[in-house]
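> Sequence:
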Amino acid sequence: MDRPRTPLEDLFRELVWQVFAGPLQTRDHALLLYLAAMLAEFAHRDRLYRLRDARQRPLEQVAAMLREGDLLLDAGSLDREWQVHKHIGDFTLFVTGIWPEWHARLGRSGQADALLDYPATGRHSYYVASTFQHGPYRAAAPVLRRLSEDYELCRFGLNLVRAELDRLGQRPSP
Numbered sequence: 006m007d008r009p010r011t012p013l014e015d016l017f018r019e020l021v022w023q024v025f026a027g028p029l030q031t032r033d034h035a036l037l038l039y040l041a042a043m044l045a046e047f048a049h050r051d052r053l054y055r056l057r058d059a060r061q062r063p064l065e066q067v068a069a070m071l072r073e074g075d076l077l078l079d080a081g082s083l084d085r086e087w088q089v090h091k092h093i094g095d096f097t098l099f100v101t102g103i104w105p106e107w108h109a110r111l112g113r114s115g116q117a118d119a120l121l122d123y124p125a126t127g128r129h130s131y132y133v134a135s136t137f138q139h140g141p142y143r144a145a146a147p148v149l150r151r152l153s154e155d156y157e158l159c160r161f162g163l164n165l166v167r168a169e170l171d172r173l174g175q176r177p178s179p
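Residues 6 to 179 (our numbering) are what the sequence shown spells out, left to right.
By construction, these hints were calculated from the structure, which means they are not laboratory data. The reader is advised that the hints may include incorrect statements.
What the hints assert, rightly or not - Just the calculated beta-carbon pair ranges, DEER-fashion:
hint	residue 1	residue 2	range
1	11	172	26 to 34 Å
2	172	68	28 to 36 Å
3	75	150	14 to 22 Å
4	65	27	18 to 26 Å
5	27	60	42 to 50 Å
6	34	60	24 to 32 Å
7	171	140	35 to 43 Å
8	46	171	35 to 43 Å
9	63	28	19 to 27 Å
Idealized CB from N, CA, C, for every residue including glycine.
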């Protein structure tokens, strides 16, 4: 049985639908539900940084996430590879769409992530996750492929959602 949605989830669904179905003319129901759910999930900081390394330390940099998601390095299993690549796609899309000023500051931070092209990395990670088309991954594959193909559109749409949140005075905290 599905759990009831929270008011925050309802707000994100409404804003995503308003922006994407309105000015962006995108009515892919599965994509819009995915984006709204991602926003609601990442409104909680612990979920934004939910990936952990082998020592259970949170992975806060995409460079570290990439290592964790590489089967030849630290992934350990195909399931872990899929989870990490999906999260990298979500993380980079969220940061560049909802928090572009945070992403801009990253370039001046001296951290390894300053060398990464977040949109290209996110697009590629969504693509990698979308290639898992068997068993439990099959249902998510089409929307992950769409996120890879339409990453910039989704990023721009999330910029518009952010503008609406600012307008409403209900901007989520990082």
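> Each of the hints needs a verdict: does it hold here or not?
Quick rundown of the hints versus the structure:
1. At about 21 Å, the CB distance of residue 11 to residue 172 disagrees with the hint of 26 to 34 Å.
2. The hint said 28 to 36 Å for the Cβ distance between residue 172 and residue 68, and at roughly 34 Å that hint holds.
3. The hinted range of 14 to 22 Å is satisfied by residue 75 and residue 150, whose Cβ atoms lie roughly 21 Å apart.
4. A beta carbon spacing of about 34 Å between residue 65 and residue 27 contradicts the range 18 to 26 Å that was offered as a hint.
5. For residue 27 paired with residue 60, a C-beta distance near 46 Å keeps the hint of 42 to 50 Å intact.
6. For the hinted restraint 24 to 32 Å between residue 34 and residue 60, the CB-CB distance of approximately 40 Å leaves it violated.
7. Look at residue 171 against residue 140: about 41 Å separates their beta carbons, and that is inside 35 to 43 Å.
8. Between residue 46 and residue 171, the C-beta spacing of about 20 Å breaks the proposed range 35 to 43 Å.
9. Taking the beta carbon of each, residue 63 and residue 28 are about 36 Å apart, not inside 19 to 27 Å as hinted.
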